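For the sequence shown, this note's numbering begins at 10 and goes up steadily by one.
Among the hints, erroneous ones may be present.
[Said to hold, decoys possible] Beta-carbon label-pair distances, calculated as ranges: (1) I82 with L190: 29 to 39 Å; (2) A48 with L79: 22 to 32 Å; (3) I185 with S152: 18 to 28 Å; (4) W169 with I47: 40 to 50 Å; (5) W176 with S152: 15 to 25 Å; (6) L79 with E191: 23 to 33 Å; (7) V181 with S152: 34 to 44 Å; (8) V181 with V40: 32 to 42 Å; (9) V181 with H159: 17 to 27 Å; (10) F83 with H159: 18 to 28 Å; (11) D167 with F83: 21 to 31 Å; (12) S75 with A126: 18 to 28 Å; (13) K164 with I185: 23 to 33 Å; (14) A192 with K164: 32 to 42 Å.
Everything labelled a hint here was simulated from the structure, so no lab data went into it. This one's a predicted model, so the numbers in the text were calculated from it and none came from an experiment. Even glycine gets a Cβ: it sits at the ideal position worked out from N, Cα and C.
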Amino acid sequence: AGIPPRSGATTTCRHPLRWMTYQHALVGWNVTFVILTIAFWTLTAIDQSHCDRFYFTVALAPVGASIRWLLGIFNKKPIRQCKSGGEVCWDVKTWDFPFFTFLANVIGSMLSTGVDAGVYHNCGTNAEFAVVSGLCGALSTVSTFIGESHKLSQKRPDGWLFLRYVWTTIIVSQVIVVIILEAAVY
10 AGIPPRSGAT TTCRHPLRWM TYQHALVGWN VTFVILTIAF WTLTAIDQSH CDRFYFTVAL
70 APVGASIRWL LGIFNKKPIR QCKSGGEVCW DVKTWDFPFF TFLANVIGSM LSTGVDAGVY
130 HNCGTNAEFA VVSGLCGALS TVSTFIGESH KLSQKRPDGW LFLRYVWTTI IVSQVIVVII
190 LEAAVY
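Whenever a hint applies, use it, and build me the whole structure from the sequences.
Here it is, written out as structure tokens:
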């Protein structure tokens, strides 16, 4: 009964439905994602009332969340860096500073500020609202920022990793926001 184990695997450590359940959940989630995204994009095109801005927002939110998720995957893997000749290489442990979560926060802040500052003025108010609330909101979530901060605070009791990540994220984002806003004024 159930799925036969892979070669070298034992039947005692593997539940027979685990693989099927995982595969079905993955396929089901992806199909649901595609159907809902198409539905919300269609509603945005059809409905010309005040509600279309919310449909557009819901349609863009999964894009921001997916980008954030994809960037987050790279936080768990070391980055290989080599000097110019390729003779000296070393691994950078990105888990001491979640660079790709940091990058998602900064990009979300930049896009949100750019839209609010009128950089994308020709897109219209519904598109601006959708980009700021949907795409940027999902891209730069506070929950992931807090989660990464908490993980770093547990790694070193003196709080150095935590403070470095939090303050770097806040300062870099604010400096970029000020630059974008100043550029929009001139």
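Comparing the hints with the structure gives:
Checking the proposed 29 to 39 Å range against I82 and L190 shows it holds: the Cβ atoms sit about 32 Å from each other. Against the hinted window of 22 to 32 Å, the Cβ-Cβ separation of A48 and L79 comes to about 23 Å, which satisfies the hint. Restraint check, I185 to S152: a C-beta distance of roughly 22 Å satisfies the suggested window 18 to 28 Å. Checked against the hint of 40 to 50 Å, the pair W169 and I47 passes, with Cβ atoms roughly 47 Å apart.
The given range of 15 to 25 Å is respected by W176 and S152, whose C-beta atoms sit roughly 19 Å from each other. Look at L79 against E191: about 31 Å separates their beta carbons, and that is inside 23 to 33 Å. A hinted range of 34 to 44 Å for the beta carbons of V181 and S152 is inconsistent with their spacing of about 20 Å. Here the CB-CB span from V181 to V40 is close to 38 Å, well matched to the stated 32 to 42 Å.
The hint said 17 to 27 Å for the Cβ distance between V181 and H159, and at roughly 20 Å that hint holds. Taking 18 to 28 Å as the suggested C-beta distance range, the pair F83 and H159 conforms, at roughly 20 Å. Separation of D167 from F83 is about 26 Å and conforms to the stated range, judged on CB atoms against 21 to 31 Å. Against the hinted window of 18 to 28 Å, the Cβ-Cβ separation of S75 and A126 comes to about 26 Å, which satisfies the hint.
At roughly 27 Å, the beta carbons of K164 and I185 sit within the given window of 23 to 33 Å. Range check, A192 to K164: about 38 Å between beta-carbon atoms, so the 32 to 42 Å window is met.
In summary, the structure is inconsistent with hint 7 from the numbered list given earlier, while agreeing with all the others.
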